[in-house]
Amino acid sequence: MFVEAKEQGKGGLAAWFDARARSRPALFTAGLVLLAAAVTIGLLFKTDAAIILYQGF
Amino acid sequence: MLGSLWLKRAFITLGGAAFLWVQSPELIHVVTLALFVLSGYGVALLLARRPSTGLLAAYIIALTAAFVILKRYEFLNLVGGDTFLAHALDLIGLSFIFFRQIHYVVDVKQGEIKQLPLWGYLNYQLNPFTLLAGPIQRYQRFHEDWQTLTPKPADAHELRMTYLRILIGVVKVAFIADFCFWFATTPPEAAGALGQRLILFYFFPLYVYFNFAGYCDIVIAAASLFGIRVPENFDRPYLARNMIDFWTRWHRTLSFWIRDYVFTPLYMAIARVKPQWSGNLAFVCYFVALFLAGVWHGATWNFVVFGVLNGAGVAAAKLWENIIVARAGRKGLRTYLANKPIRWLAAFATIHFVCVTQVFLRPGSEDNVVAAWRALLDLVARVGGG
Amino acid sequence: MSALLDDVTAVIRTVFGDDEITLTPTTSADEVDGWDSLMHLNVIIALEKRFKVRFSTAEISELKEEGKNIGSLLDVIAAKQGSAP
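Residue numbers (numbering that gives the first Met the number 0), protein chains in the order written: chain A, 0 to 56; chain B, 0 to 385; chain C, 0 to 84.
By construction, these hints were calculated from the structure, which means they are not laboratory data. One or more hints might be untrue.
To be verified - Pulled a few chain B residues facing chain C out of the computed Cβ check, cut under 8 Å: (1) GLN109; (2) LYS113; (3) VAL261; (4) ASN279; (5) ALA327.
As the list claims (entries may be wrong) - The calculated lysine-lysine pairs, modelled on DSBU-like cross-linking and capped at a C-alpha distance of 30 Å, are: (6) C:LYS79 to B:LYS113; (7) B:LYS113 to B:LYS151; (8) B:LYS273 to B:LYS339; (9) B:LYS339 to C:LYS51; (10) B:LYS330 to C:LYS79; (11) C:LYS51 to B:LYS273; (12) C:LYS67 to C:LYS51; (13) C:LYS48 to C:LYS67; (14) C:LYS79 to C:LYS67; (15) B:LYS70 to C:LYS51; (16) B:LYS151 to B:LYS7; (17) B:LYS113 to C:LYS67; (18) C:LYS79 to C:LYS48; (19) B:LYS273 to C:LYS48; (20) C:LYS79 to C:LYS51; (21) C:LYS79 to B:LYS273; (22) B:LYS113 to B:LYS7; (23) C:LYS51 to B:LYS151; (24) B:LYS113 to C:LYS51.
For every residue, glycine included, the Cβ atom is placed at its ideal position computed from N, Cα and C.
Using the sequences and the hints given, assemble the complete structure.
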């Protein structure tokens, strides 16, 4: 114990993303761009979105 | 991207300076920070010429004193009242700069760092990728990268994965962590009193994890684009089977720093002279090391509790391992470690213990700790008097 | 190098209290039962005493990393002995 853990390897989810990125690069890039757009919009409207989403609670 | 090495270095330097100015616009803070950082460089130059243990020890003590005062550690109250706490200095990233600096001067003194460029050192300490909250990278690796600054992604695929990592980091920090914090601190009425406590108990640590892990994703990926390798800080901490294992999976660069610059020197210094104490020495060293790691997290009394709990947790883990080896030998230990149900039970218990320790990371917990301590002292006084 | 390997093996056998341990230059720490961070320090201390050398913080830490093995250890010791007066 207090043993060296290996540098973060390609386990589970990371491996899945990696495989998808290799097999369909164009599609993956498109997804990446969409994600970037979603994140940007999300950041811009975060406070407003929070109010709307969490009204349920 | 950019043509020459000089241009790349200038770009990172300017970016770092701009970032620092935005985070810390007051001149006095920047000047103090500069003095703090440059003192390390100056001492390193002296140590490179003449590796004096006395100078190194004196400097580390002085630097630690400066650190403790600059961070306004509460215990200073006990030794000097308000004198040390009465300043308004707030230096960005100081805790991480402090640890990087000790590593730097120690390694220079030991001859592990032979070249001491000023520009390289300043960027090692103040580059925008690790300024805010690490990861605590070692100077040698930074220095290597600083010589070429070749972007790390080797092909289009790796570049895509790097961008993905940045985006995932942003999602973790700005959305998931935010939600966890909001949910933990304003849980729904419908959950009831106990439910609200449980939500806070579980979701605050989740907030801490996503906030920190997300930040690490962003800075590690971004730094790699600029040719700097920053070490990983996390390795699925929720899988930890005990507190020692936990600290190799959570804020790993901190644990490795503590192992190399606190645990090892402490253990070696004593064991070299008194090898007969090695057996029990381990517990003391584990406790002291993780206690210091704990109080490094913050200046108020709740971090002392955080430190004590973590110290106790790792000491207990080592004790448990010793018990198994004493009962069943190394073979028995191997069988125990291979047992799946035990492994999951251990992980379950560890996660819960971690959640308990993180109660003391919460803002506001310092008041509770001080109040509880006062109540305890009152009780003792009454029992003693009555 | 093989005399050095024998010496180092003898030291490590004493530290672990196990005469059965056999080492080759390619043996790594995780192949030896019980060679955790703590045992690593005990080994270093014993080697320092036996060979009258001193390991630096960075050396101790690096020797425990992935890819390092007994061969790396032998190299470090040999280098230190080479530079000893």
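Consistency of the hints with the structure:
1. GLN109: Holds, because the Cβ-Cβ distance from GLN109 of chain B to chain C comes to roughly 4 Å (cut-off 8 Å).
2. LYS113: 12 Å, violated
3. VAL261: 11 Å, violated
4. ASN279: 12 Å, violated
5. ALA327: 13 Å, violated
6. C:LYS79 to B:LYS113: Given pair LYS79 of chain C, LYS113 of chain B holds - Cα atoms ~17 Å apart, limit 30 Å.
7. B:LYS113 to B:LYS151: 25 Å, holds
8. B:LYS273 to B:LYS339: 39 Å, violated
9. B:LYS339 to C:LYS51: 45 Å, violated
10. B:LYS330 to C:LYS79: 36 Å, violated
11. C:LYS51 to B:LYS273: 17 Å, holds
12. C:LYS67 to C:LYS51: With Cα atoms ~22 Å apart, LYS67 of chain C and LYS51 of chain C stay inside 30 Å; holds.
13. C:LYS48 to C:LYS67: 22 Å, holds
14. C:LYS79 to C:LYS67: 17 Å, holds
15. B:LYS70 to C:LYS51: 42 Å, violated
16. B:LYS151 to B:LYS7: 14 Å, holds
17. B:LYS113 to C:LYS67: Distance of about 22 Å is within 30 Å: holds.
18. C:LYS79 to C:LYS48: Measuring from Cα to Cα gives roughly 13 Å; hence the hint holds.
19. B:LYS273 to C:LYS48: 13 Å, holds
20. C:LYS79 to C:LYS51: With a Cα-Cα distance of about 9 Å, the restraint between LYS79 of chain C and LYS51 of chain C holds, given a limit of 30 Å.
21. C:LYS79 to B:LYS273: Status holds; Cα separation ~25 Å.
22. B:LYS113 to B:LYS7: 23 Å, holds
23. C:LYS51 to B:LYS151: At roughly 42 Å apart (the allowed maximum being 30 Å), LYS151 of chain B and LYS51 of chain C break the hint.
24. B:LYS113 to C:LYS51: 24 Å, holds
Against the hints set out earlier in the document, violations occur for numbers 2, 3, 4, 5, 8, 9, 10, 15 and 23.
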